[in-house]
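A.B. asks: Assemble the whole structure, with the sequences as input and the hints as a guide.
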Amino acid sequence: MNVLKQQERDSDHQTGETKMKGHQVEGSGRINALGRALTKILRHRAAELNLEMRSDGFCKVADLLRLDFTTRSKVPLSAHTVEEVLQAVEQNSKERLATMVDESGELLIRANQGHTLLDAVCSDDLLEEISIDDNMLAVCVHGTFKHALPGILRDGLKTMGRKHVHFAAGLPGAGEVVSGMRGSCDALVFVNAARAMADGMKFYVSKNGVVLTEGFEQCVPAKYFDKIVEWPSNVLLHDREEITE
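Note that UniProt numbering numbers the sequence shown so that position 113 is 113, with each residue one more than the last.
Worth flagging that the hints you see were computed from the coordinates, not collected in a lab. One or more of the hints may lead you astray.
Label-pair ranges, simulated between beta-carbon atoms [unchecked claim]:
| no. | residue 1 | residue 2 | range |
| --- | --- | --- | --- |
| 1 | Gly161 | Glu90 | 22 to 32 Å |
| 2 | Asp155 | Gly29 | 39 to 49 Å |
| 3 | Met160 | Glu48 | 17 to 27 Å |
| 4 | Ile132 | Arg36 | 31 to 41 Å |
| 5 | Gly173 | Asp119 | 32 to 42 Å |
| 6 | Lys158 | Arg195 | 13 to 23 Å |
| 7 | Glu241 | Lys40 | 39 to 49 Å |
| 8 | Ser55 | His147 | 28 to 38 Å |
| 9 | Glu242 | Val101 | 45 to 55 Å |
| 10 | Asp124 | Gly151 | 23 to 33 Å |
Glycine residues also receive a C-beta, built at the ideal position from the N, C-alpha and C atoms.
C.D. replies: So, in structure tokens, the structure goes:
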């Protein structure tokens with residue numbers, strides 16, 4: 001399947017201005033608001049909006065643009081163009097969205113991860129499963145906050161209403177790490193993914209490099225934690241021996 005190439009912006013977009021009758025909004029703000037709206041719908045609201053979604057998370061762009069939905073910029077989706085959708089996908093710094101063209105020539109779009117639509121998407125269709133032999137998870141780290149650590153140590157890392165627990169395959173700020181945790185986190189939980197996979201836990205990677213797992217019954221138990229550190233000081237808060245005792 002071919003990925004649709006980004007169309008060239010017209011002169012209005014190059015000057016940061018997008019003008020549409022009845023909906024004149026500054027270009028960058030308009031596109032940013034569109035990207036946020038698309039992410040929200042594709043991750044969380046497709047079912048309630050009766051948007052048809054494949055098991056791999058893809059929906060038709062044409063169907064999206066027909067939805068009765070208004071962005072933060074007060075612009076209805078129906079007032080946006082396919083070109084603007086493509087701009088919103090390209091300009092998302094964390095690569096949360098992806099497009100493709102199916103065999104019939106239909107332009108499709110999906111959120112790469114972060115779904116709360118538990119029954120709509122299938123991990124095996126949406127993501128690439130990581131093999132225990134791939135050796136790509138030398139680092140598997142979950143960003144969180146120190147105030148949440150007592151509950152995490154007691155109950156493990158839970159999906160919290162989403163389909164997956166999210167991890168990064170590197171530390172915040174590492175060049176290859178695009179997404180996987182909030183930039184404001186002040187604690188990092190390091191998980192021994194190889195040990196968890198040996199026990200049957202499945203790990204996946206999304207197109208934008210986020211490591212994901214459904215865990216066991218929507219939870220990654222604390223027995224798989226290697227350590228927890230304060231961030232960005234990297235001061236050790238809990239080691240494996242302390243966590244598992």
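A.B. asks: None of the hints should be skipped; say for each whether it holds.
C.D. replies: Results of checking the hints against the structure:
{"no.": "1", "hint": "Gly161 x Glu90: 22 to 32 Å", "verdict": "holds, 29 Å"}
{"no.": "2", "hint": "Asp155 x Gly29: 39 to 49 Å", "verdict": "holds, 40 Å"}
{"no.": "3", "hint": "Met160 x Glu48: 17 to 27 Å", "verdict": "holds, 20 Å"}
{"no.": "4", "hint": "Ile132 x Arg36: 31 to 41 Å", "verdict": "holds, 37 Å"}
{"no.": "5", "hint": "Gly173 x Asp119: 32 to 42 Å", "verdict": "holds, 36 Å"}
{"no.": "6", "hint": "Lys158 x Arg195: 13 to 23 Å", "verdict": "holds, 19 Å"}
{"no.": "7", "hint": "Glu241 x Lys40: 39 to 49 Å", "verdict": "holds, 42 Å"}
{"no.": "8", "hint": "Ser55 x His147: 28 to 38 Å", "verdict": "holds, 37 Å"}
{"no.": "9", "hint": "Glu242 x Val101: 45 to 55 Å", "verdict": "holds, 52 Å"}
{"no.": "10", "hint": "Asp124 x Gly151: 23 to 33 Å", "verdict": "holds, 30 Å"}
Violated hints: none; the structure is consistent with every hint.
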